[in-house]
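> Could you use the hints to bring the two separately framed chains together as a complex?
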Amino acid sequence: MSTQLLTRPVADDAPGATLPRVMRSEWTKLFSVRSTAWTLLALVISTVGLGVLACWGTNHGWSQMSSAERAKFDPVSTSLTGLALGQLAIAVLGTLVISAEYSTGGIRTTLTAVPRRLQLLTAKAIVFTAVAFVVGLLTSFVAFFAGQPWFSQRGIGATLGDPGVLRAVIGGGLYVAASGLFGMAMGVLLRRTAGAVTAAVAAMLVLPGLTNVLPGGWGAAVVRYFTSNAGQQISYVHQSGNYLTPWVGFGVYCLWWAVPLAFGAWLMRRRDA
Amino acid sequence: MIERAVMIEVRDLTKRFGDTTAVDNLSFQVGPGVVTGFLGPNGAGKSTTMRMILGLDRPTSGTALVHGRPYTQARSPMREVGALLDAKDVNGGRSARSYLLSLAQSNGIPPRRVDEVLDLVGLQTVAKKRIKGFSLGMSQRLGIAAAMLGDPQVLLFDEPVNGLDPEGIQWIRQFMKSLAAEGRTVFVSSHLMSEMALTADHLVVIGRGRLIADVSTADFIAGGSTNHVRVRSPQQGDLAELFQARGIQAAPVDGYLEVRDASCEQVGELAAQNRITIYELFQEKASLEEAFMELTRDSVEYHAPAPGSTSPPGGFTSRTSEGAAR
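Protein sequences appear in the order of chains A and B.
For the record, in the first sequence the residue sitting at position 126 is 126 according to this note's numbering, with numbers rising by one throughout.
In this note's numbering, each residue's number is its place in the second sequence (first place is 1) plus 273.
Isolated chain B, as found in the complex (with noise of 0.2 angstroms):
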């Protein structure tokens, strides 16, 4: 049995921000090899976890180790971790290679070795020109170029496919696989589950600062399917109320009926007893994002009211994420 080694490990984190508690007692470990999806709706505090699992914010409580220590304490930070956090946190002023040039520098890394990311990133064209000037998608492959200057083990990405186009995206996906296929850690947040179904091979999922799930994409998706049945039919309104005499929930959804909690073959059979057409029968799949929000519902920071809804929007949700699946 392989014993997976613990590259970054968060134990018992909590940040607040004045009232609010932006991380929750939050624990779980990353390991090499795979891609971690850090999952989790916009505020639910991926970004303050990075930012102190880098060091850059202190702890209310707990710690955040890379390699076993705090990441403030590493020997040769850059040839340890690689961090895209903000493609935007940059000082414009500078020329792509300069800045890259900069960081190199601060850790002993051979100069040849900025040329080496740029071509990596495809930035050698305008490694001369202001960082100003770069679009956000060239902005996020220099964060890219000068994550790997140090060649690191450890790669922690903040919602890199943001402001790339197909191309861009694609060129991510293929880049963080590869990078975790060759033995390291890649760590990668994002609030879309769909991205993450492409990429990551595990899930840390977080709301409001707290863990809900930490699982095997598969295991995730898995646990996020349901038991409903759609059915097509001249004789919608018949069949109906066939299910509800009988304590089934059904309803009318986009065309179909979808029934609750029902297997074809019960459906199929009631309509054939009672000589109702079927035009269509199938197993409805959840899609990852009703999944994922099914296991996050309780955990958005904000909810917009439902179209038609007289709530006031944004209203501040006052249920927790105690209960949800694990």
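Next up, chain A with everything else stripped away, as it sits in the complex (with noise of 0.2 angstroms):
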């Protein structure tokens, strides 16, 4: 063997893992796990099923409402109900992107093969941030067209040429892609999967109700403020006064899963893996 080849420098300077191969990976990887495909179903069965049904029921019980109840009501929003189940099913996934490469080991492999971090959690924030708000975007729409035949037969229904309810509607893909990736710095937060969905839930689901119980002013700051409750506006198309509008309840649902995920991003960088 050669002098040469003992000391040659083999660092080999050509790019490798750059972020849209890293992206490609992150691709191959998210529809290469059956959990992806089962969570990505309990979204669109869920979403949909729940508004047909929340849709089902108004018109059946519309003759007993009263012209208050009729006032507030929301043909967009009734049909996009479901979203509150919906949002559980995408944030699972977000946790599972993040939580699943903890709980098996594979973070090891990953990182070894892309040892930058951050480029790494980029890499997944981007990918599975366009599959969430895609298959949103779709589930919303199509909820939306199963619940309007229910109202249309009454004259109460919403088409997207009425003001508000296309951008209500898009609101719906967009508000799923938010509370995926809340799932996701969850994941990132916690590397449990148990733990990271618990989490999710009791901030989407259970903590925005209970909210309602504070006193005040600033009890009512509270509410409005808090994840869900923000969040919701950009799918509704008649706002109540006690909320945000649409833009800026959805840009402080946004802040919910960008801060936890920034921090989560700086703990990653310091944890070992």
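Among the hints, a few may not be true.
As the list claims (entries may be wrong) - Here are the simulated distance ranges between beta carbons:
# : chain 1 : residue 1 : chain 2 : residue 2 : range
1 : B       : 294       : A       : 126       : 54 to 62 angstroms
2 : A       : 45        : B       : 451       : 52 to 60 angstroms
3 : B       : 526       : A       : 267       : 53 to 61 angstroms
No lab work stands behind these hints, which were simulated from the structure alone.
Using N, Cα and C, we set each Cβ at its ideal position, and we do this for glycine too.
Quick look at the structure:
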């Protein structure tokens, strides 16, 4: 063996792990495990199914509703009622994108191939957000079109051309993506599937309802700014004065995932894998 | 004279987990063209050191460099380093092929390379099966396939023979040697001296996170041999008394009399002078395991009590490895 071979600097400086390549890899990973199909299916079925049920029920009970209740009626948000469950399905998938790596130990193989942790996290976030938004958007449109026939026979339904309706239906897709990112942020922070899913369910489903018991002006402020209370405004056409406007609400909701995700990214750089 | 390139350099590396010091001011270098064994008892800090080399664990202090820089700064990670740490460190939910494909894609490695490495380790027939159902031996092969995807110059294997059948063990030994013969750097850990004696040309021996020896395997084995002689005789008791009278230690072992620090000539002549019959007389060769245990005895983290001993099991020893042979 020659001296040449032994002393040859062999570090390969051709870029290997670029962001587009890591994204491609994450795409393959996302769609090569069954949990992805199951959670996306759960998102579609629960959102559309519960939406249709809510529309049917509202239509059925219309004659017993008071005029005040009728004034608050929002045909779009009623058909998107199922997002309350669908958001959990996508949050579980968002969690799994991170926590499955840690629970299986696969993170060590992944980080050996892609040692730059923020590059890995960025690739995961981009790929997952794109998938969550596209599936969420389709789900939102399907739920809308599946729900409206119950109302149109009474003449109380909405069409995409009505003011605010298109924004609300697209907003349903945005809300799904943001909810998924909230789950992902919990995954990065907690690294355990069970803990992260519990945190997501608590923050997005259980606690928002409980904030209503808080008294006074500050209590009302907490209600207004709390996770899904703020975020769901993007999918409403009829805004209540107690809540934030659609885009401000959605912006606040994005802070709810962005801040923990940024903190989680900072931790991810420091912690042992 | 051939100047050896340094492919892996560990400098003053320390890792503490709370009060436990897993790696303690460790320094060594690993060069190409040979298999370097990373030897130490269980819990000596081998895996932790390997994880720090790969940038998976952050050192408390010190540095670990691959190709002269931290691995986390590698531009083309899989072409520089291939590693097999724990074979079960994979998401079992996906197939072997999609697992390897996802790794290849992350570094821009063409998909045909996936089939090549599947061939290399003999997993073509189960490529579409989910990893969950793989035996430990199959998982090891899959881990080796993953490590070889980028055709890297540096390879790290953590206890690669664990869980392999004899045929698999034979295969990986040959494989590591051939990788080194190609001029690659092969750094392989084991807690079994006998395994390292068969594969490694050079040894980095650690105990309790500290460096005990950084020597060629041949020197390590030579350094561990003893000067004891064994003798078998019908008058073993008489013989023992003769030695003891001359201040030479002798004790019965396995039906022989073991005479410490003596030569066959000494023993033979003494026996002849005293008209003692000898059936068998030979120089005792310390086994590799004994050499290794001798060297690391003071640095094994947990000692089981000797059979029949009354000391509590798992007693934490307070002896240190200071002064151990270098």
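> Hints the structure violates: just list their numbers, smallest first.
Violated hint (a single one): 1; every other hint is consistent with the structure.
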